[in-house]
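Visitor: Protein chains in written order, with this note's numbering: chain A, 18 to 366; chain B, 485 to 762; chain C, 194 to 736; chain D, 7 to 139.
Calculated from the structure, these hints are not laboratory results.
Hints are not guaranteed to be accurate.
To be verified - Restricting the straight-line Cα-Cα distance to at most 27 Å, the calculated cross-link-like pairs of lysine-lysine (DSS-like) are: (1) D/K96 - C/K719; (2) A/K279 - D/K96; (3) C/K691 - C/K246; (4) A/K334 - A/K135; (5) C/K617 - C/K592; (6) B/K583 - A/K135; (7) C/K439 - C/K374; (8) A/K132 - B/K663; (9) D/K96 - C/K676; (10) B/K516 - A/K132.
To be verified - Pair ranges (Cβ atoms, derived): (11) B/I499 - C/A615: 49 to 59 Å; (12) C/E468 - A/S285: 46 to 56 Å; (13) C/D543 - A/H91: 39 to 49 Å; (14) C/R243 - A/K334: 45 to 55 Å; (15) C/K732 - B/E662: 49 to 59 Å; (16) A/N308 - C/E468: 40 to 50 Å; (17) D/N73 - A/S285: 51 to 61 Å; (18) A/H91 - B/I500: 28 to 38 Å; (19) B/S568 - C/E465: 31 to 41 Å; (20) A/H91 - D/Y99: 35 to 45 Å; (21) A/E108 - B/R593: 38 to 48 Å; (22) C/S295 - A/N308: 51 to 61 Å; (23) D/T94 - B/G572: 28 to 38 Å; (24) C/A615 - A/G53: 56 to 66 Å.
All values reported here derive from a predicted model rather than from experimental measurement.
All C-beta atoms in this analysis are idealised placements derived from N, C-alpha and C, irrespective of residue type, glycine included.
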Amino acid sequence: MIDLKELILPKDNLIPLLRKLSKDARLVAPVKNDHGDTLFTAISDLDTTEIDLANQPQASLKPFFLPQQETLAHYQISGDTYQFTAPKAAEDTIFFGVRSCDLTALLYMDLIFSKPAKDTSYYDRRSHSLIITLGCNQPFANCFCEATNSGPYLEYGYGLQFIDLGDRYYVSAGRGKGADLLKKWGYFFCEVQEEDQRIRYQLFLEARGQFNRNIQLAHACHKLQKEEVPEEIWEQLAERCYDCGGCAYVCPTCTCFSVDDKPQSRDSGIRVRSWDACTSGGFTRMAGGHNPVDRSRHALKRRFLHKLKYDFASHGKASCTGCGRCVDICFGGVDITRFIDLLTRQENP
Amino acid sequence: MNKTFIPARAIIREIIRENDQISTFRLELIDKTKPFSFLPGQFLMVSVPHCGEAAISISSSPDALPLIDLSIRRAGELTTAIHSMEKGARLGLRGPFGKAFPVEKFSGRDLLFVAGGIGLAPLKSVIDHCLFQSGLDDDAVSGIRLLYGSRSPSDIAFTGTIGLWREQGIDVRLTVDEKDEHWTDHVGLVTELLEDITLDSNSISLICGPPVMIRSVIAKLTEMGCDDTNIFTTLERHMKCGMGLCGHCHLDGRLVCLDGPVFSVSELNTMDVMELSR
Amino acid sequence: MVGLATSFGSGAMTNSIAELEEADVLLITGSNTTETHPQIGRNILRAVDRGAKLLVIDPRRTDIARQAHIHLALRPGTDIALINAMMRVILDENLADDLFISMRTENFIQLRDYLHRLDLAELAAITEIDINTIREAACIYARSSKSVICYCLGVTQHTCGTDNVQAVANLAMLTGNVEKKHSGVDPLRGQNNVQGACDMAALPAVLPGYQSLEDMSIRARFEAVWQRPLPENAGKSLTEMTHAGKDGPIRAMFIMGENPALSDPHLHRVEETLEQLDFLAVSDIFLTATAKLAHVVFPAASFAEKGGTITNSERRVQLCRRAIPPIHDCRPDSEIIMELGRRMGCPGMDFDSDAEIMEEISLLTPIYGGMHYDRLAENHGLQWPCPDRSHPGTEFLHKYYFARGKGQFTITRHQEPYEKAAEKYPFTLVTGRGSYHHYHTATMTRNSRRLVREYPQAKLEIHKDDCRRLNIADGEMVELHSKRGIVRISAQITDRVKPGTVFSSFHFFEVPINQLTVSAMDPKSKCPEFKVCSAAIKKVNHD
Amino acid sequence: MQDILTICNYCGCGCGVYLSVDNDQVVGSYPSKNHPISRGNLCSKGWQLHEFIHSDKRLSSPLLRKNGSLQEVSWDEALDFTAAALMTAKQQYGPDSIGVLSSAKCSNEENYLLQKLTRAGLGTNNIDHCARL
């Protein structure tokens, strides 16, 4: 009897395994498209689609669980009565090739959407999902998951975790669905040898040593618990925030949303939930025009404090997973790493 | 299917015009799939198709159920749409949400209510509830006083209710910022009315109104020796869900929709809050 | 973009957007770049973070001006005086690139003599900028060989807009900062396909690819392909067509996707002109102010519902892909035009696809000669000139020689704006696009809840000192008067404008700010003077 | 759900934008990372690009002015009426009595076609667009 927690999958068996898996569920994996972008894509034909495990998927899994725009209800007005009708349910989905940071982010989202109220549509999608991660042997240009404690390999949370050992994957199973899967498709796998474990650990050590950036995130979190951020830092950051909202939209742990009605005709429409960004002035402005936040000085204060101060205080962990997606895309260059640098540099001039 | 976001339907039974800007909409739920109850200080997410939702606090007492009053000031697109509705029209409701006033602590205590403009709405729920309780039990509350500020005599809302309260022995004092030729009562800030008030150490104060008013009343009460744990206020924030998910009402590490909207001043003192700073 | 075409032989951005990041000095003039061209702003700020120097010429303290090493906050309408002053400094400091001037340009001696006759102190006084600041900026610009100039409508929307552009071109040529990577003169194009509309000759005086209407061999080629004789006379410009008023020469109009009844200067005049037409047809996606005046309105498909190519500011011809079929009963404009053409007996109106139309464009337009759909799909587009299938496209213009042969220096003289602030109208009103959240006349952006939430109503930027003096509160409704009209607008207290200057955008149809602007225009480019007019602010009496 | 790469409809930068399509409804827009202009981010307008496409204020049918007000008509009626009206103006007052405005919001192909129609079909050079505004 082989141990069902840890197994080896020869690379030749990957496609056959995925083919079996895709019979019972939608298979989503990173695919490099014709325009050179690597995106998580629902794969309908494994023979004509090449899964891209060499590049970081452009977006995280967030759009699959909290879509940019999601219909919460259709409404119909007739006379002065109206009726809300709820939209369709989720489908079974297996996500393959998910990076450690993105799964960590999903686990954080689970927390947000379960307390105090369970968000039914989020949970519907979540309970229909199985996540297969791929440990990172080589961090991408802007990654810093080492600093956020969310990679390069994971200890828990995954359905299955794949580690690339060259011609084979070292596969670990999480509880529940992942273990069931290994049990069901055990014949694609072989036993782990001592050699495999040695190589796996060596790769882990090497991965940790390859980060381009040294982000003092933990230091910043502790500092924020103890002291106020100098006002000049907030103002310096706000002056270069051009309100695109991009950082919040690409962030796998930014879950703030808006709920609005979109009329489709005179007497019908949809109520949609859509991504929102706390960096916008209108995010907090009240109907009468009063705004408790002064955007011109504090555009980024909520976002950074939420991630690094409040979440650190309540969960013991910052809600930044070091995926690096917000780095390099900010129009004014004032992403979270710039903030951390400004905050921590102060101490050792 | 996201049941959490599907509102229940309610019908407008009656509309009471409070002033030019404020009307009270007396509602009754049509969809009664589960029992509905609430406590004074809690709010509802009110839906109008095409206009979306807004958080509005309940202004009637739970004792008036199945009728629910929402006193609404015309401020944005949604509230304007509600104001154009007539008796028999339908609204959507979700809730109740938020932390209520700790009414259970009020038994046997002096209560001082300080309100400005539409801010009387959530306090009205408490006052009516206390009056109902005192009808059942003489010790429910020992004395109720209300200080109420408005911009001008024509802006005074809830005049009918105030009349009834006076009949029931509540000490109501009014003030306006700008008087007209008929006004003989006090002119000036609501804090000035506090000058003539004496408070014992056991009194509880409840404040609701514009941020500037809340700030100055809290300062005055503290100066008068009121304990922070005995002063309560209710905060207004932009909200989209009402249940701690959307992030809009985030307030220095807390969420107004869950941890509030009712806060004691002792809680607020540990936070960075617009109503207390600047 | 007549000015740049006269100086260089082409009116397009000489560099690529990505090159800006590598420049050492960036001179931004009349462009609120972070708001109107966010991606270009992003490159500029990256360059700054890399160590480049940023010089900004703008009467307003815009977000980009806040990031500048030197902000030259000139008096509106004094660009030429400022540039001339900078050039004079460059001559005085011996910073001119003599070799470049002799190899690649002509007409320099006249300009040099003219500049030597000018009084630097007088020029500085005209601009209201300290002379030492001008001197410092000029030296920074001239001392680098990777200096780039970006300009936008703040330079062109003046009665002297063409001269403004030529002054800028003079400055670049004087220091040899053109004809190579990381240095050049870049007009930033406003709308997504302004460049393409110009390239395709939606212009009264040229044929596609800026080919001459007068050249007989070119005419013959077009006539052979189009199977129709070409009209002889140059046509009328937009302003000439829409400002003719009653009894103007235009009796019927077809307007596709434009809203002159809101974006045009001197709106009353436009409305009057459009109303008296015998016939007006409009094709648009919304019922715009212009469409409301029409006899026929066609419901057009939006960009998401059709294919085709558009050309961005850096001359990159890019493929748009249809995401959804046309909604409702809408049709793409190309179909509408061809349907009309067929009904009017115009030959060559039977294309089966956008790709087929592009084949005809490539055939007749040398700069688009190699723009084939299969190539455009592969490469995120190609930058013109791209004369044939094997050509890789052109990153920066004027390599080896200017498009017109030699770059031409032109003497440009300061002239006062058409209208001067006066006793009755003491403020200078500047208009433009002014927000991160709206676009042009906002027909599209105002249909987005989020963008409306962020910027719900028109604002008039007034300096805090002026507000204090006039006792105006933030958010208060005020009346803005000019000789031509009155609008009501919400005041915004700010330090973005200088005392005596006010700014507003033209995004909101409820506040048609262009009713106040002058219709005086640049005689060469026909570009109206939106940037300067005089105005008065009056408090509105409540109740 | 399908994501189609197109070019942003707002400014002259020309970002590569994916439109997310679900059941013929555009429900999202996000940047292309590999595209030379957008490089992984869009401005506030670009991220909301999908918002106006399904607006209830979109025109849905051709309109023709009858008795002073615009009324819904068929495509054929609107097109025939327009073609006839333009030809009448041409015959009565000459080709230079007709003016055409093209658009910086339309494609190259559409601009090309419209100036071709203006020059070859209507016989005038009276064509312009709002480059200067």
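Visitor: So, for every hint listed, does it hold in this structure?
Guide: Each hint tested on the structure:
{"no.": "1", "hint": "D/K96 - C/K719", "verdict": "holds, 26 Å"}
{"no.": "2", "hint": "A/K279 - D/K96", "verdict": "violated, 45 Å"}
{"no.": "3", "hint": "C/K691 - C/K246", "verdict": "holds, 24 Å"}
{"no.": "4", "hint": "A/K334 - A/K135", "verdict": "holds, 22 Å"}
{"no.": "5", "hint": "C/K617 - C/K592", "verdict": "violated, 52 Å"}
{"no.": "6", "hint": "B/K583 - A/K135", "verdict": "holds, 18 Å"}
{"no.": "7", "hint": "C/K439 - C/K374", "verdict": "violated, 51 Å"}
{"no.": "8", "hint": "A/K132 - B/K663", "verdict": "violated, 50 Å"}
{"no.": "9", "hint": "D/K96 - C/K676", "verdict": "violated, 38 Å"}
{"no.": "10", "hint": "B/K516 - A/K132", "verdict": "holds, 25 Å"}
{"no.": "11", "hint": "B/I499 - C/A615: 49 to 59 Å", "verdict": "holds, 55 Å"}
{"no.": "12", "hint": "C/E468 - A/S285: 46 to 56 Å", "verdict": "violated, 36 Å"}
{"no.": "13", "hint": "C/D543 - A/H91: 39 to 49 Å", "verdict": "holds, 42 Å"}
{"no.": "14", "hint": "C/R243 - A/K334: 45 to 55 Å", "verdict": "violated, 34 Å"}
{"no.": "15", "hint": "C/K732 - B/E662: 49 to 59 Å", "verdict": "violated, 19 Å"}
{"no.": "16", "hint": "A/N308 - C/E468: 40 to 50 Å", "verdict": "holds, 42 Å"}
{"no.": "17", "hint": "D/N73 - A/S285: 51 to 61 Å", "verdict": "violated, 30 Å"}
{"no.": "18", "hint": "A/H91 - B/I500: 28 to 38 Å", "verdict": "holds, 33 Å"}
{"no.": "19", "hint": "B/S568 - C/E465: 31 to 41 Å", "verdict": "holds, 37 Å"}
{"no.": "20", "hint": "A/H91 - D/Y99: 35 to 45 Å", "verdict": "violated, 53 Å"}
{"no.": "21", "hint": "A/E108 - B/R593: 38 to 48 Å", "verdict": "violated, 57 Å"}
{"no.": "22", "hint": "C/S295 - A/N308: 51 to 61 Å", "verdict": "holds, 60 Å"}
{"no.": "23", "hint": "D/T94 - B/G572: 28 to 38 Å", "verdict": "violated, 55 Å"}
{"no.": "24", "hint": "C/A615 - A/G53: 56 to 66 Å", "verdict": "holds, 58 Å"}
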